[in-house]
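**Q** Construct all of the structure, not just a fragment, from the sequences and the given hints.
Number of protein chains: 2
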Amino acid sequence: MSWTPSGRHLIAGEWIAGTMTFRSEPAHGPAHDFAVGTTELVDRACRAAEAAFTAFSAKTCEQRAIFLEIIAEEIDRRGEAVTLIGTEETGLPEGRLNGERARTTGQLKLFAEHIRKGAHLDARIDAAQPDRQPAPRPEIRLVQRPIGPVAVFGASNFPLAFSTAGGDTAAALAAGCPVVVKGHSAHPGTGEIIAEAIAAAVERTGMPAGVFSLIQGGRRDVGTGLVTHPAIKAVGFTGSLAGGRALFDLCAQRPEPIPFFGELGSVNPMFLLPAATAARAETIGSGWAGSLTLGAGQFCTKPGIAVVVDGPEADRFTGAAKSALEKVAPQTMLTQGIAAAYHDGVERMRASNAVAPVLSVESAGRDAAPNLFETNGSAWLADHSLSEEVFGSLGLVVRVGSPEEMLTLAESFQGQLTATIHMDDADLGLARDLLPILERRAGRLLVNGFPTGVEVVDSMVHGGPYPASTNFGATSVGTMSIRRFLRPVAYQNFPAGLLPQDLRN
Amino acid sequence: MSWTPSGRHLIAGEWIAGTMTFRSEPAHGPAHDFAVGTTELVDRACRAAEAAFTAFSAKTCEQRAIFLEIIAEEIDRRGEAVTLIGTEETGLPEGRLNGERARTTGQLKLFAEHIRKGAHLDARIDAAQPDRQPAPRPEIRLVQRPIGPVAVFGASNFPLAFSTAGGDTAAALAAGCPVVVKGHSAHPGTGEIIAEAIAAAVERTGMPAGVFSLIQGGRRDVGTGLVTHPAIKAVGFTGSLAGGRALFDLCAQRPEPIPFFGELGSVNPMFLLPAATAARAETIGSGWAGSLTLGAGQFCTKPGIAVVVDGPEADRFTGAAKSALEKVAPQTMLTQGIAAAYHDGVERMRASNAVAPVLSVESAGRDAAPNLFETNGSAWLADHSLSEEVFGSLGLVVRVGSPEEMLTLAESFQGQLTATIHMDDADLGLARDLLPILERRAGRLLVNGFPTGVEVVDSMVHGGPYPASTNFGATSVGTMSIRRFLRPVAYQNFPAGLLPQDLRN
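Going down the list, the sequences are from chains L and R. Under my numbering, think of the first position of the first sequence as 1, with each following residue one higher. Under my numbering, think of the first position of the second sequence as 1001, with each following residue one higher.
Hints listed in this document are in silico derivations from the structure and should not be mistaken for laboratory results. Heads up, the beta-carbon is just placed ideally off N, CA and C, and yes, glycines get one too. No incorrect hints appear here.
Pulled a few chain R residues facing chain L out of the computed Cβ check, cut under 8 Å:
#1 Glu1439
#2 Arg1440
#3 Leu1446
#4 Asp1458
#5 Phe1494
Take a look, some chain R residues computed to stay more than 12 Å from chain L by CB distance:
#6 Trp1015
#7 Met1020
#8 Ser1240
Reference listing, derived: stretches of chain L covered by chain R, where coverage requires no fewer than 3 residues with Cβ under 8 Å from a Cβ of chain R:
#9 145 to 153
#10 249 to 257
#11 457 to 465
**A** Listed below in structure tokens is the structure:
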């Protein structure tokens, strides 16, 4: 399937070219020019989203479910072209793009199924009590209603599942909220073809045009203009701590503050308890290497730090991880900038007196080889920078002197998306001590597994205390993520004909 | 029952006097001296709350339910003394204090019942799929866990139901979060006796002492110190827009931002549709007067503005409201400061060229008489200050030229706690046009009722878009308010013995 990006924005059903353009930087294949976003376009898209809100939010769950399913269908119809432009732009392998497309359409279909069930409405009815003393009780009904237009920032590392029609967009549309996406400049063509699919679905289902817009790349003022636009009522964001915090601050400082659901990454620590390490140091070590290098280490859930009690078992674990990592060839990273940041991170580790290299491989340009370092508990505790995320296949082993030091270390971690315990039955006591600490620090806790591979299910939590996310009550993956874009409204003593459809008997 | 306040703070089970004191300003009866809060005490209370968290959050729902019920029992045991000090400090009548105590203990018991049912846990289980291709699916379970210590700011206008053991405290304790209350200086003795009841319940049920602290009054630095303390993970606040926004900003600016659940009040507009006004202008007018003057107009849900189509029906409505208000004697306000602000608000209306007095009664000191003004739609739209809340029994009638102008007016309202439609069957068309506008602007919508008298039930929403509240996804009344203090945590592949009690089969 031959497809060439037009380089235009999609604003409420219209494809709009720009006078200023930027050129894409694909890992391979041809580069293309894309229009640069402007604050005028932001305003236009947001106004269109606001104009579409009443009609879109009045659609039934069934109508919105069909809309989501047809978006999925239109994406699959373009499947071959999506994979082609996606692999060119990101350097990710074909299998990954195909799998990510399945996840993306799966998310859309999951939300369709979810809103058909109606559980997200959390409808409640308190019957009237006309004879109550000293005053009668009126009938009150509650339902969750969409909050308004939502801004979504595409992620660099998931060109499909966390971008144009990714989890945030799917959840917002399912909730009944129009969406304005700021496309990621790392994969503008992938963004465009997905926007095309959404536009086709809008047309086929007769949804109001303003229900979706994509503004390509653009400078800082596009992001700023988007989150500060009065029509925008919530923001979904996946990206860096610095960028996310800046946008969070803007949202909080608005005359009318709005929620900013930022997923800002984490180091996803793993804790190796003694009996488990003794029993299967090698299995855990090679499993870790696999999780660490998946997608060139460019997952938010990459387990970057392993904490293990020092001794011969720790040697076996580290040795196994090293030998597995040695077999992993350098991988193409998502962008030149991300690769450069990875090389910097490796350099920083190498230059530190507090860490020792276990496996340190030179790599340059957009390719990156895995790297493994180790340090001890007190050195790690003394150097705050060692607890910061390095995006890419870099692992750090922290050897602690005792289980007690492991607990101290656990307490010193900031908020995380995930935390993992490797344990056997004999480790249960230590695991029980560790659990309440980790529970305060992460959104998802794992036993004897690896955190990469986030299941899109009802029970998934992809979020956690700051800085893993800016909102520790929220998840950006799984059906519960729809809650971010809903607000409760109570209807007191309403005649049946005036109640929202969802609340009628 | 004779009871005299000791004037001390309660910090994690210890009663602590202060070197600096302030004197209470009761409406009648003796004044008392109370210790002034300090940032050192804030730190001590917050550390104690953090220290108590693990033990308290590990209690079963049943244990916490009993704790809440015993708090209610200990409050009722002090009932006579609570009413005495409450009426003295606030000037509210005895019947109101007794009723508010019933609401307060009712809230505690409702939360006890609610957490026993377990619905707040929102437990979800996705079964493992060991044979799934291309990779097996692990078992994942989700449960809502408490977020950590919560700071609560008592409200001036509800010395019991929104203060020391009020809705925020009840919801936080039910969720499993220790609470640090900053008592309101308008009713420090009422706060102390309620703290005494909580302390007795802590002791009777063997809860960790740090689960509750009350810091009395104090200067601005106490509030600042509380919301910026690293141990505090969320704030419940009821109060003014200016004060609330300042604290909200501090919460958002923390190194680790936390949610601020501020309920900042509103004018709760009422819309009188033509057929209903024609049919029962007098009933609506006198009903409004009753709602407007309830509790001396010191409810967050006081319907301060009535919008009506100009004409003889509007005259009948306004006339009925006026004659009902004339019969209401001046009422004692909660504090000298609140009364002074009310007198200022009345003066501001009187001085405005845009409004005309309907009933304008002189009052001074802590007593306040009802006042009624009127204006027209264009004057109201031109003067933003007319849409601001005046705390107290002041009503403003806005006469619009047409149903269309009523819609324009509705659109210009900021976020509200409530909005009310008075309608008959013949008004259904206009009501349908009005509804999507009001739904965006309020947390609770009423038909043919008055918004004062907030039911504490599953379906209640007491919140709404900013500035009614700082978090339009939350409610501060009703069982759904517990959600503010919970966060989802996912447990992947956990052995049964390590799962939280609430998640076991």
